[in-house]
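*Asks:* The primary structure of each chain is shown beneath.
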Amino acid sequence: MLRPRIIPCLLVKDGGLVKTVNFTNPKYVGDPINAVKIFNEKEVDELIVLDIDATVQNREPDYVIIKNLAAECRMPLCYGGGVKTVEQVERIISLGVEKVAMSSAAVSNPRIVAQAAEIVGSQSVVVVMDVKKTGRGCNYDVWTHNASKPTGQSPVDFAKRVENFGAGEVVINSIDRDGVMKGYDLDLVKVIRDSISLPITVLGGAGTIKDIAALIHNFGIIGAAAGSLFVFKGIYRAVLINYPSRAKRDALINQVRQDG
Amino acid sequence: MITIIDYGLGNIRAFANVYERLNIPFIVAKTADELKAATKIIFPGVGSFDHAISKLNNSGMRETLDKLVLNHQLPVIGICVGMQMLAKSSDEGILPGLAWIDGTVKKFDAAVLKSKTQLPHMGWNTIHPNNDNPLLLNLSNDSRFYFLHSYYFKCNNQNDSIATTEYGIQYTSAVNSKNIYGVQFHPEKSHQWGIQLLKNFAKL
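Residue numbers (numbering that gives the first Met the number 0), protein chains in the order written: chain A, 0 to 259; chain B, 0 to 203.
Negatives, chain B to chain A, calculated, CB over 10 Å:
{"#": "1", "residue": "Tyr18"}
{"#": "2", "residue": "His71"}
{"#": "3", "residue": "Leu94"}
{"#": "4", "residue": "Asp131"}
{"#": "5", "residue": "Ser139"}
Partial chain B-side listing against chain A, Cβ under 7 Å, derived:
{"#": "6", "residue": "Arg12"}
{"#": "7", "residue": "Ala13"}
{"#": "8", "residue": "Met121"}
{"#": "9", "residue": "Gly122"}
{"#": "10", "residue": "Trp123"}
{"#": "11", "residue": "Leu147"}
{"#": "12", "residue": "Ser149"}
I should point out that these hints are in silico values taken from the structure, not numbers from a laboratory. All figures in this text were calculated on a predicted structure; none of them were measured in a lab. Note that beta-carbon positions come from the ideal geometry of N, C-alpha and C, so glycine has one too.
So that you can see chain A by itself, here it is in the shape it has in the complex (with noise of 0.2 Å):
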């Protein structure tokens, strides 16, 4: 039976690794391939590496850190950051990276998504989409550039785009969740789960293994992604790289059947 997945997700800036809190104040936290060494040992499911500074510099992605992430990596490895071109994202293919995620560019040119997907296949193609809470209620709009520019759409609206246009797997990242680390934004999960028929990853507010539990049990298969969760420990935030054994996913996930 298909399981869910709980994936890290790690931010580069300037070659080493921060944790932000609402996509503000990056904390270093480490070395980007020292990490991936720690997660290969945990066998984690999967891995999310996002370089936050690329789209704001308005820089290439940096090809020779992916080269090496992707060398490094036992597990399936998705990329993000300054991705606005199709022949960007076949480059990082054929770096050895399964998945390349594009936010920007998506919004800017959707057919970017469908240009990307008849070259490295759908399967490949992820939309990473910042959603940010719009004053009181239940509206969200999808911001780029490291949370600084609205783009005035809707996530329901932008994921079905860009479903459309072919895109393989959608991760929804809440600007107002992250680093935050009181649980996940399950109401904006339900709105776009209920209106795509994609793979859903989710980012941001993760604080315990119980919120990933409780993401699991109100959506069943789910990409349920985290920083801080997997990379700090205790009240302090002291830095340490951290993910579940695979007893205690089992665990997880059996209860969340059984109760399910």
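Could you slot chain B onto chain A? The hints should help.
*Replies:* Chain B only, in chain A's frame:
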């Protein structure tokens, strides 16, 4: 020597890493000339069917590969789209496949899937080995592998199907006919289970 085919697609480095850690010698071949020392062939693949077939056709290795696999009968394993390319054709494209195994590649049809599923089939799933194939030695029913695909291999000869996986339907996730093998999942990214399978392949 185990030879990993590099025609510009697939995670060559991931296979190399596994064999380096196992201390099993291998080489990577980018040209027909570099295929000379091959005794076993790993044939990776990601991307869309036509793109992968065109890349292979333009690599200059296609003819030599046909000869090594069909005449010299070297063991070969196709991975993911590499497995799908073993078929005669695919719903995903218009170019003919390698036709090394009698079958065609179909798209998962949301209308016939028995449970509500999402496409692509993405993540960790189990395989059900259905015979004592040496490729699947020491891999039991609960072996987990990473899958990432929207199309699947449909065998015309059921004996060629050596493992199945459940995703809305029960479909063939590993094939074998004579010296030719294929797996839909990614053993190079499947931790201990993938390492076991690649070790088994090295011993064929």
